[in-house]
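Participant: The residues making up each chain are set out below.
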Amino acid sequence: MKKLFLCLSILISFNLYAEMSILILGDSLAEGYGLDESMAFPRVVEKKLIEKKKNVKVINGGVSGATSASGIQRLKWHLKKPVDVLLLELGANDGLRGLSVPDTKKNLKEIIKFAKEKKVKVMLLGILMPPNYGADYTGQFEKMYKDVAKEEKVPFLPFLLDGVAGNAKLNLPDGIHPNQKGHEVIAEKVVNFLEKNI
Amino acid sequence: MKLKFIQQTLRSSKEFNFFFILCFSLGILGLILVESFKAGVEDRVSKRAKNFIASDLSISSRRQFTEVEKKNIEEVIKKNNLEYSEWIETYSLVSSVEKAKLADLNFVAAKFPFYGGVIFENGEKSNTADWETLSKSPVLWLSRDLSWELKVKVGDQLKIGESTFQVGKVFTEDQFSSFRGFNLAPKIFLSKNYLAETKLMQFGSTGSFAYLLKINDQNETLVRENFSKIIKDQTIKIKGPKESSEQIARSLNYLSDYLGLITLLTYILSLIGLYYFTHHFLSKGLKSIALFKALGFTPQKVFILNAAHLIILSLISLVVSFAAMLIMVPVLESLLLARIGEEFKLLFTSGVVLKVSLYSVIGCLLSLLPLILGAVKIPVNTVLQDIPQELKRLAFWYYLPLFFYVVLMAVIISHSIKIGIVFISALLILVGLGYLFFKTFSVLLEKSAKNKKLEIKHGFLALSRYFHSSFTIFMSLLLGVTLIVLIIQVEASLRNEFTSTTELRRPDLFMFDLQDNQEEAFKKLLNEQKLNVTMFSPMIRGRLTAINNGAIEQKKSDQEETFVTREEENQERFRTRGVNLSYRGKLSWSESITKGKFFSGRCDGEKIPCEISLEESYARRMNVNIGDKLTFDVSGIDIVGVVTSFRKVKWTSFEPNFFILFQPGLLEEAPKTFLASFKVKSIEERREIFQLISNNFANVSLLEVSEVVRKITEIFELMAFSIKIISFLSLAVALVVVWAVSFNHLELKIKEMKLFFLMGMTAEKRETIYKIESFLLTSMSIGLAIFSGTLITFLVLSFGFNITLEIRALYLISFLIILFIILNALLLFKIRNLVKRSEKALITF
Amino acid sequence: MKITVENVNKSFEQGKNKIHILKDISLNVADGEIVALLGKSGSGKTTLLSMLGGLEKPDSGNITIDQTNLYNKTESELCDWRAQNIGIVFQQFHLIAHLTAKENVSLPLEILNRDAESEAEMWLDKVGLKERLTHYPTMLSGGEQQRVAIARAMVSKPRLILADEPSGNLDVETGKRVMDLLFDIVKQNKTTMVLVTHDEELAKRADRIVHLVAGKCQ
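Chains as they are written, first to last, in the working numbering: chain A, 1286 to 1483; chain B, 98 to 942; chain C, 82 to 299.
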């Protein structure tokens, strides 16, 4: 059985195209705050894609508390190794801390431009602010992501936590970070998004 | 008939009665003082901590309560006849005409708060009427920081969500904490009645939702239980004041452990004193016991007679000490008022009285009854012999009940089996070592006495020949002084834990998320503006992936949960989570190395692995030892290091620190952010820093922490002060016992003094003999106690409290020298007095 | 040693009562004489003995020993005088419990700063306790203890022995033997001795008996 599997995987790697490297540059959502790394959505995405016989490697570039300002430095570090696709998942902490929306926009655009220069395909994972931040701010924030995606012409997933946020069963007791089940939901969404855009 | 005999015994032993009552009353007084002070401090601290949660008990959740939950909770509230309020905390952007800023919104219901309040700009504290006005109108109170940032004043309008509020008041400080610990943003208080209008609470909104309860005469434990029964969801927390802050909970535990330890010391000290007096009293009275037996009393009757004597003395001591306490309470309370500027109640309750009475009488009986039992064994024919008799020494098992009782007390009083047992074992070891030491010493004295001058010879022999008696007094002195050393040392070390944050170093602002590429600009700004940065550290996010090449098992999602305990589960989870790493070449003032050696310079990039220093409790949790190799995944790259040292971080310093510290030279290249803390001199400087940072580094967040830090340090200071007071009380008891025991010891030498006098020895020589003896005993016991006391302190601190010993050498030595001088001066005085008295001797005595 | 007691009065206060214990007592003791003071309890014999040892001052009257008034001496002069001239034998033996027989006997010589070792051994030999040099008092019988006490009283060759009921704590047989020893030694050394007793048999062995009745000599 084990042997058979080994043969199969060798077969796959020979027959299909070379391994694709996907970097998820994000914050605590990607890092899997409060969970094992194996439970965080980047690892689940990788697992799901491999199950679908895709030869991929997902690099988890999530750092708890990271804001968009840190993105460019961290991207440079990761690009020391080959990366084919960048999933950009930053900005949530900017919003939660009430930082200025134009600054966040500037940072995101800078990251995308740099990745493009390095021939990396960029996709943007958007986030919405919780309603308690006020309609004005949440509105500005939502629009900011749309504008970035439009201006930079990158594939865009409007709300990564869609169906997870606000659902106590899919979140840790802090009511902010998804739990293991929440990450499964997110991963499913990200896999669909990836498949649609690659 | 029997009563008459008891009366006679009481009347005929006035001196013994006096010493017994003195020593016992002091011991009891110490116990009562410690107990009522402890209760008072705990009450005081928990009252302050109650301000944090504005109530006696809070039920809080990070999501909205469901209707069913609400119904259930409110039902329990009604059933228990509790008063309650509600408090909802959430973050939102609030906007003035000019600006929008993030704020920590606190929507409060009527009756909020049950404890604590805010201080308004004019310096007045909020009162009930103020809060009532707030709850009834669409006004808000905002913190002064926010009013500056938003450039608004009282009467201006602020937009919050879909609604507009008028600024009613501006406050400078508030006593409440945040449900999330440190506040990310300045606070605003508004009425819960207007929350709906803001439309902030919708599906997906985040916040903390809490019921606040006031417990009057209801039983808190019962109330808690009632709520626990109906609350099924583990994410809903039921918290009292002690759980409101980890640091307070921890410090309260420390405090009560320490106070417990001190109580135990006071207790053991007075038992030693009692044992000593009673031993000598019974030795002196052996003849009359034999006489009673000769007159036809059964041993049982003689036993009862003597036991009744002791019980009566114990009861008198209880009454004396309770009376003294009643007199002392108002005096002490006014002293405390003067010192801490706040009303402080010593909780001298009937519970305390009962507890202390029980402790002391049982302990007294268990330690003294075996002595009486030994005494009644004296053979009847002794009456006819005129030979000094020795009290029959009983087999050790007669003292087993006492031993187990003291062990039990140690465990009960110190609230910890570990501390109790460590303490008792240390005492036993001390007695054993004391015996060896004293035996050796007396053999040496005996040998060297022979050819010495008369007074030196007899000084030496008085000590070495009365081995049993000298050893008892030596042990009493040794234990007494050891406990004094212990109290002084533990007090210093523990108080140091509480007050290690000096005003100068206590941070006011935390800054985080400064980016790599902003480091230089920030440093330049610091130089230009001469800002006082108390800490500046890089922070790198990583994940521990292997210990000694053994990969850390990551739990697969389909695996079943097999953890046995919650702790085990936490520990396992903890191992693979993301961690913050940092690097630094120097130790910070708030940390010290407890094991291994700190980094030797920079790490050579080629010479892998580099060194790692771990915080000791983290190392313990991770089960990592010195020499282990750790592998971290830092943004996809494996970073390897070897653990070379453990650090202990002062948790009261409020200085941010890292569990994992790398030697410089390895992590500099990794993506990182920077943390900093600032000390500011004035509100103006703080404003300036806020301005500077937000103008120069828009992405950087600044947190105001001085308020939180101040609130907690205030409690620490109260604790430190209490530790001082109680230690002082205990010292007083120890000193009195030492004094009384040594006086009593001399008292017993009067017969010998008379003989020397009759034989024509000059007064000067007679004095010298006892001066030599006293000098030897006091200097030996004090000398040895320095070591044994320090050793026990070390054991108690490292096993019991897990804190490092601060040796207070100079203070301790000078204290002991003064103690030595005073003790010897008192003894000299007593010797002179006794020598004089012994001269008034008839030939028959 | 020649002792003259002239018109000595002494009273003690006991609670509210004043007890006139010695009433106008006069007594002469010649050098080398053995005098027994015989009387009931409370007759004042022990008080008188204490006064002869310089331990108790009379309220009035004089005690002259070898022509010098005893109570003109200072406290420390009295101490030295006692060390050189007086040996005391007690009813209760009063040996120092933590010292051996030899050490007890050596003590008076040590106080006088004289060589004690061989002298003490010699005296213990004299009282028949040669084998008991290193025994502590508790290891000795009552009779043996009293012999040590006699050796201790005699070792410094005092000129006056004060003995307070020396046989009072011994059984008849032992008492007789120990008293034989005491009298022998005192006579051999020509030491003056004042002996307080209520034992008429013992008193008869003295050169002279003085009866003390209610504080008066008869």
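Honestly, the hints are just simulated from the structure, not real lab data. Check each hint, because a few of them may be wrong.
Claimed, not checked - Pairs of lysine-lysine residues, derived as DSS-like cross-links and limited to a Cα-Cα distance of at most 30 Å, are as follows:
#1 B/K937 x C/K138
#2 B/K289 x B/K250
#3 B/K550 x C/K207
#4 B/K862 x C/K104
#5 B/K933 x C/K104
#6 C/K104 x B/K544
As the list claims (entries may be wrong) - Some but not every residue of chain B turned toward chain C, in silico, with C-beta under 10 Å:
#7 P706
#8 T859
#9 E864
It should be emphasised that the depicted structure is a prediction, and the values quoted were computed from it without experimental measurement. Yeah, the Cβ is synthetic: ideal placement off N, Cα and C, and Gly gets one too.
Participant: Which earlier hints can't be squared with this structure?
Facilitator: 4, 6, 7 and 9
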